[in-house]
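Undergrad: Letter by letter, the chains look like this.
2 protein chains.
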Amino acid sequence: MALNSLGRTIPDSFAGSKLIPYQDPWSLMPHTLRATRPTKRIPHNDRKVLSGIREAIIASGLKDGMTISTHHSLRNGDYVLNQVIREIDALGIRDIRIASSSIHPVHAEIIPAIRKGVITSLECGVNGLIGELISKGELSCPVIVRSHGGRARALITGEVGVDVAFLAAPCCDDYGNFNGFSGPSACGSLGYAMVDAQHARTVVALTDNLVPYPAVPVGISQSVVDYVVAVESIGDPAKIVSTTTRITTDPIGLQIAKHAAQVIESSGLLKDGFSFQTGTGGISLAVAEQVRGLMRRGNIRGSFGCGGITGHFVDMLEEGLFQALFDVQCFDLKAVESIARNRNHQEISATMYANPFNSGAVVNRLDCVILSATEVDVDFNVNVNTESNGYLLHNTGGHSDTAAGAKLSIIVAPSIRGRLPIIRDEVTTITTPGETVDVVVTERGIAVNPRHPELKAELLRRRAPVKEIRELRDEIYELTGVPRPLEFEDDVVGLVEYRDGSIIDVIRRVKE
Amino acid sequence: MALNSLGRTIPDSFAGSKLIPYQDPWSLMPHTLRATRPTKRIPHNDRKVLSGIREAIIASGLKDGMTISTHHSLRNGDYVLNQVIREIDALGIRDIRIASSSIHPVHAEIIPAIRKGVITSLECGVNGLIGELISKGELSCPVIVRSHGGRARALITGEVGVDVAFLAAPCCDDYGNFNGFSGPSACGSLGYAMVDAQHARTVVALTDNLVPYPAVPVGISQSVVDYVVAVESIGDPAKIVSTTTRITTDPIGLQIAKHAAQVIESSGLLKDGFSFQTGTGGISLAVAEQVRGLMRRGNIRGSFGCGGITGHFVDMLEEGLFQALFDVQCFDLKAVESIARNRNHQEISATMYANPFNSGAVVNRLDCVILSATEVDVDFNVNVNTESNGYLLHNTGGHSDTAAGAKLSIIVAPSIRGRLPIIRDEVTTITTPGETVDVVVTERGIAVNPRHPELKAELLRRRAPVKEIRELRDEIYELTGVPRPLEFEDDVVGLVEYRDGSIIDVIRRVKE
Numbered sequence: 001m002a003l004n005s006l007g008r009t010i011p012d013s014f015a016g017s018k019l020i021p022y023q024d025p026w027s028l029m030p031h032t033l034r035a036t037r038p039t040k041r042i043p044h045n046d047r048k049v050l051s052g053i054r055e056a057i058i059a060s061g062l063k064d065g066m067t068i069s070t071h072h073s074l075r076n077g078d079y080v081l082n083q084v085i086r087e088i089d090a091l092g093i094r095d096i097r098i099a100s101s102s103i104h105p106v107h108a109e110i111i112p113a114i115r116k117g118v119i120t121s122l123e124c125g126v127n128g129l130i131g132e133l134i135s136k137g138e139l140s141c142p143v144i145v146r147s148h149g150g151r152a153r154a155l156i157t158g159e160v161g162v163d164v165a166f167l168a169a170p171c172c173d174d175y176g177n178f179n180g181f182s183g184p185s186a187c188g189s190l191g192y193a194m195v196d197a198q199h200a201r202t203v204v205a206l207t208d209n210l211v212p213y214p215a216v217p218v219g220i221s222q223s224v225v226d227y228v229v230a231v232e233s234i235g236d237p238a239k240i241v242s243t244t245t246r247i248t249t250d251p252i253g254l255q256i257a258k259h260a261a262q263v264i265e266s267s268g269l270l271k272d273g274f275s276f277q278t279g280t281g282g283i284s285l286a287v288a289e290q291v292r293g294l295m296r297r298g299n300i301r302g303s304f305g306c307g308g309i310t311g312h313f314v315d316m317l318e319e320g321l322f323q324a325l326f327d328v329q330c331f332d333l334k335a336v337e338s339i340a341r342n343r344n345h346q347e348i349s350a351t352m353y354a355n356p357f358n359s360g361a362v363v364n365r366l367d368c369v370i371l372s373a374t375e376v377d378v379d380f381n382v383n384v385n386t387e388s389n390g391y392l393l394h395n396t397g398g399h400s401d402t403a404a405g406a407k408l409s410i411i412v413a414p415s416i417r418g419r420l421p422i423i424r425d426e427v428t429t430i431t432t433p434g435e436t437v438d439v440v441v442t443e444r445g446i447a448v449n450p451r452h453p454e455l456k457a458e459l460l461r462r463r464a465p466v467k468e469i470r471e472l473r474d475e476i477y478e479l480t481g482v483p484r485p486l487e488f489e490d491d492v493v494g495l496v497e498y499r500d501g502s503i504i505d506v507i508r509r510v511k512e
Numbered sequence: 001m002a003l004n005s006l007g008r009t010i011p012d013s014f015a016g017s018k019l020i021p022y023q024d025p026w027s028l029m030p031h032t033l034r035a036t037r038p039t040k041r042i043p044h045n046d047r048k049v050l051s052g053i054r055e056a057i058i059a060s061g062l063k064d065g066m067t068i069s070t071h072h073s074l075r076n077g078d079y080v081l082n083q084v085i086r087e088i089d090a091l092g093i094r095d096i097r098i099a100s101s102s103i104h105p106v107h108a109e110i111i112p113a114i115r116k117g118v119i120t121s122l123e124c125g126v127n128g129l130i131g132e133l134i135s136k137g138e139l140s141c142p143v144i145v146r147s148h149g150g151r152a153r154a155l156i157t158g159e160v161g162v163d164v165a166f167l168a169a170p171c172c173d174d175y176g177n178f179n180g181f182s183g184p185s186a187c188g189s190l191g192y193a194m195v196d197a198q199h200a201r202t203v204v205a206l207t208d209n210l211v212p213y214p215a216v217p218v219g220i221s222q223s224v225v226d227y228v229v230a231v232e233s234i235g236d237p238a239k240i241v242s243t244t245t246r247i248t249t250d251p252i253g254l255q256i257a258k259h260a261a262q263v264i265e266s267s268g269l270l271k272d273g274f275s276f277q278t279g280t281g282g283i284s285l286a287v288a289e290q291v292r293g294l295m296r297r298g299n300i301r302g303s304f305g306c307g308g309i310t311g312h313f314v315d316m317l318e319e320g321l322f323q324a325l326f327d328v329q330c331f332d333l334k335a336v337e338s339i340a341r342n343r344n345h346q347e348i349s350a351t352m353y354a355n356p357f358n359s360g361a362v363v364n365r366l367d368c369v370i371l372s373a374t375e376v377d378v379d380f381n382v383n384v385n386t387e388s389n390g391y392l393l394h395n396t397g398g399h400s401d402t403a404a405g406a407k408l409s410i411i412v413a414p415s416i417r418g419r420l421p422i423i424r425d426e427v428t429t430i431t432t433p434g435e436t437v438d439v440v441v442t443e444r445g446i447a448v449n450p451r452h453p454e455l456k457a458e459l460l461r462r463r464a465p466v467k468e469i470r471e472l473r474d475e476i477y478e479l480t481g482v483p484r485p486l487e488f489e490d491d492v493v494g495l496v497e498y499r500d501g502s503i504i505d506v507i508r509r510v511k512e
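These protein sequence lines are chains A and B, in that order.
Sequential numbering of the first sequence, starting at 1, is according to the working numbering.
Sequential numbering of the second sequence, starting at 1, is according to the working numbering.
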């Protein structure tokens with residue numbers, strides 16, 4: 001047991017691995033070589049198309065104790081993981097580790113396989129029921145939550161070795177070239193899958209859209225894909241991307257967005273070359289809309305928009321407000337349509353996006369990121385993984401990556417959600433360290449991290465509603481009451497890994 | 001010493017490495033892991049732009065005995081290698097191995113550095129004077145010639161470990177993203193450099209076109225580029241790509257092209273889905289023109305055109321005769337302009353193009369390739385590396401890769417060149433084994449490899465001028481006389497490595 005620098009108690013090891021307690025966002029250096037994998041040669045006239053997932057599992061040599069992965073670009077519409085687990089179970093293979101880029105509520109279908117011992121650990125964050133059951137101790141399956149950049153790091157350093165990657169391939173040819181640009185399950189960018197394609201020992205492409213060779217543009221190349229399987233469907237198009245993402249109409253949300261825009265305006269960053277990321281929530285989009293207005297009025301030509309990309313960013317690109325978009329994941333149909341057509345809308349891998357251990361990720365070049373939170377503490381530490389009931393319900397995504405990279409990271413959140421205070425003395429789980437969080441914006445005011453006195457002074461000069469974060473907390477506590485501390489058992493059921501591989505927090509079993 | 005399967009005497013070792021004699025095109029299997037390199041972390045607000053090549057060499061940690069590389073997409077217009085060698089020399093660094101993708105006549109400027117011991121070996125083929133001097137024994141510098149696919153293999157398996165890659169970057173930003181699509185030295189595809197960017201321990205981008213961040217589309221990513229150097233010029237645009245590549249007007253060439261087209265027509269391959277590669281020589285282009293006519297008349301929709309791409313292939317793409325182009329290197333301005341614009345004109349890496357040791361290269365999917373030769377022997381073995389005077393003057397390029405991959409590999413050559421017979425009892429050097437060469441076409445007739453009796457029968461049925469290869473040889477010898485055998489010294493000055501890493505032939509010093 002050790003305390004990390006944020007005061008969280010970190011066990012010495014978890015699920016057999018020794019742990020490094022989080023120290024700070026910058027100083028942990030890699031001392032490893034890039035992970036390797038066997039060099040292959042296939043018969044030059046080989047055929048890669050197999051008749052089904054079961055055949056692919058057999059051909060891949062998957063065995064008890066091995067690790068598999070999928071990507072989550074199909075999000076809650078993904079059909080691949082459930083199908084693969086079903087076949088793994090049917091083949092009697094057990095003790096499988098899942099190292100997907102993310103798991104969504106739709107994957108609750110694999111719960112029986114976890115109970116049965118088909119799946120015995122999760123090297124990936126989970127959105128939804130599986131995480132909840134793990135937090136409650138109702139499902140025994142150690143889980144390690146990583147950020148998008150942290151996952152890329154772990155695959156590339158070999159901390160996580162994927163034996164077989166089963167990659168959903170929306171547009172794929174019979175020799176394994178594929179992209180996400182077309183087909184019934186088009187998802188646009190394949191940014192997460194690119195890392196698996198380079199690092200998994202065996203790569204299987206699953207497609208519901210087998211096209212004549214070659215599938216161009218090539219996102220993931222035949223030269224790294226071993227097998228191709230045509231399946232009826234890899235996903236539910238209605239759940240893969242939204243037809244549209246919507247700006248909030250809620251007055252609280254709009255108030256927050258206005259404050260956030262004021263922060264950006266005051267930061268001095270909003271000038272030619274500005275780079276920007278928002279999430280896809282209604283408030284984030286409202287901030288983007290505000291920024292768009294400011295850029296138009298100021299005749300500002302930005303550098304790039306980044307992250308999970310929405311139609312709003314596509315509009316800003318096409319309007320000339322950004323020179324380029326860096327897209328690790330498309331969030332709506334307009335983004336999918338744009339990435340397939342516009343070469344300034346650049347598909348990027350998760351390592352290029354956010355890996356801290358390479359020669360420089362895109363997040364390093366971000367001026368400003370708008371991020372959400374389930375909770376924020378008075379030291380600006382942010383929780384996005386658990387809710388205030390202690391349940392692990394959300395993945396980290398790019399949260400801690402972009403917060404670390406961006407010059408200005410702004411948390412936007414209503415001050416109260418479900419009668420619970422968002423700003424509080426302590427967060428249930430630390431996802432993102434306060435050292436990388438610059439401003440917290442609620443409808444009740446703006447709290448600036450004391451690391452940025454100039455920004456605070458400028459906001460005050462502009463008569464923005466700046467408050468000390470403890471002042472905001474008190475104001476909120478007056479309405480909600482002081483939250484009752486959650487009670488946890490001693491057992492650690494999961495880890496929250498910081499992007500550099502150190503452990504920033506643990507998930508403990510909630511006392512019922 | 002051992003005889004390889006083609007009867008060539010191969011020493012046990014060369015320049016300190018144990019050699020594997022060539023056996024056959026297919027059976028040698030890799031038993032290695034993919035090469036690795038240290039994982040890095042840079043300060044997240046680091047700047048990569050250095051003030052000059054010298055600073056980059058110092059920053060890279062280049063030391064005596066190390067290996068550097070450059071790419072040859074700027075061909076005979078490249079200014080990078082000469083500049084780099086000049087600075088390496090000035091810094092007093094010695095015993096450097098060059099593992100560039102190719103060296104051209106313009107690089108004769110480095111000859112004094114070879115004499116001086118700055119450069120002590122070449123892990124790359126050489127076009128022009130350096131090879132000639134090495135063959136003559138006037139320059140002492142062991143050279144290993146590899147095909148494009150073989151070089152990718154050697155870097156990926158780690159047989160060749162590049163310490164520092166100095167990569168010409170026609171359009172580059174200050175964080176190292178670059179592409180070859182624009183700028184004064186635009187070369188189009190960066191297919192060769194992609195392998196170095198993934199495998200060199202340190203990657204330096206040199207550019208004469210530093211653009212605002214981000215340089216999109218991203219061909220080579222910031223996440224693998226360590227330093228950026230702005231130089232006055234990376235190349236001479238007039239020598240990088242042709243303004244146009246020209247179809248031969250020579251009657252002999254046109255006759256050869258007609259015969260070759262007849263072979264393709266007779267092969268049964270010319271149907272929907274047809275895939276095709278030609279070189280850029282006048283005869284090759286004349287064949288392409290013939291094929292274009294046949295495809296038009298037959299209303300054939302091909303699959304892909306491949307290789308070094310010319311405007312002729314761009315026209316065929318745009319006409320709908322091919323669905324896509326796979327481009328490892330652009331040969332003229334029209335190709336450069338097209339690859340920057342048309343997403344069906346796909347930039348591919350050298351490993352995707354031709355590496356025999358991956359999960360499947362593009363050459364494996366080729367129906368037909370048109371190749372040249374300096375000599376062909378009666379067993380269909382082909383020489384492209386040396387001339388009949390024994391001088392090493394040419395690189396292998398994709399010759400042996402495409403011959404192995406394609407269903408139909410056709411050698412086109414005039415029967416006599418400079419009074420010397422092209423078809424002869426023995427070739428000076430074997431580049432490409434006869435087992436992978438299907439047809440030899442000269443203006444005097446068509447010789448079909450006995451492995452393809454059906455094709456021969458079909459050609460005869462169509463009254464094509466089919467001849468036995470020995471018959472052709474005799475006919476040519478009658479005009480040229482039997483060529484006088486070249487005399488060689490015993491010392492081996494270079495190796496011709498087959499794409500799988502075995503040694504298909506050696507270059508011996510020519511007796512003066």
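Treat the hints loosely; a few may be bogus.
Because identical chains share one entry, a pair is satisfied inside a single copy or across any pair of copies.
Here are the simulated BS3-like cross-link-like pairs (lysine-lysine), alpha carbons at most 30 Å apart as the crow flies [what the hints assert, rightly or not]: (1) Lys407 x Lys40; (2) Lys18 x Lys258; (3) Lys40 x Lys18; (4) Lys63 x Lys40; (5) Lys511 x Lys18; (6) Lys136 x Lys40; (7) Lys18 x Lys63; (8) Lys467 x Lys407; (9) Lys116 x Lys136; (10) Lys239 x Lys40; (11) Lys456 x Lys467.
Think of the hints as simulated: they come from the structure by calculation, not from any bench.
Undergrad: For Lys18 vs Lys258, is the C-alpha pair at or below 30 Å within one copy, between two copies, both, or neither?
TA: Neither way: Lys18 and Lys258 sit 45 Å apart in one copy and 70 Å across, limit 30 Å.
Undergrad: At most 30 Å between C-alpha atoms: does Lys456 with Lys467 qualify within a copy, between copies, both, or neither?
TA: Answer is within; shortest intra-copy Cα gap is 9 Å, inter-copy 88 Å.
Undergrad: Given identical chains, is Lys63 near Lys40, meaning Cα to Cα at most 30 Å, within a copy, between copies, both, or neither?
TA: Within one copy only: 20 Å inside, 33 Å across.
Undergrad: Given identical chains, is Lys467 near Lys407, meaning Cα to Cα at most 30 Å, within a copy, between copies, both, or neither?
TA: Cα proximity of Lys467 and Lys407: one copy only (21 Å, versus 73 Å across).
Undergrad: Checking Lys18 and Lys63: alpha-carbon separation at most 30 Å within a copy, between copies, both or neither?
TA: Cα proximity of Lys18 and Lys63: one copy only (25 Å, versus 37 Å across).
Undergrad: At 30 Å max between alpha carbons, let me know whether Lys239 reaches Lys40 within a copy, between copies, both or neither.
TA: Result: close neither inside a copy nor across copies, 37 Å intra and 38 Å inter.
Undergrad: Pop the pair Lys136 and Lys40 into one bin, within, between, both or neither, using alpha-carbon distances up to 30 Å.
TA: This pair counts as neither: shortest intra-copy Cα distance 44 Å, inter-copy 39 Å.
Undergrad: 30 Å Cα cut-off: does Lys116 pair with Lys136 within a copy, between copies, both or neither?
TA: For Lys116 and Lys136, the Cα distance is within 30 Å only inside one copy (18 Å; across copies 72 Å).
Undergrad: Between copies, within a copy, both or neither: which fits Lys511 and Lys18 at Cα up to 30 Å?
TA: within (26 Å within a copy, 65 Å between copies)
Undergrad: Up to 30 Å between alpha-carbons, please classify Lys407 paired with Lys40: within, between, both or neither.
TA: Between copies, since 22 Å is at most 30 Å while 43 Å is not.
Undergrad: Treating 30 Å as the Cα threshold, decide for Lys40 and Lys18: within, between, both or neither.
TA: Between. Shortest inter-copy distance 22 Å satisfies the 30 Å Cα cut-off; intra-copy 32 Å does not.
In the structure shown, a violation is registered for the earlier hints numbered 2, 6 and 10, in ascending order.
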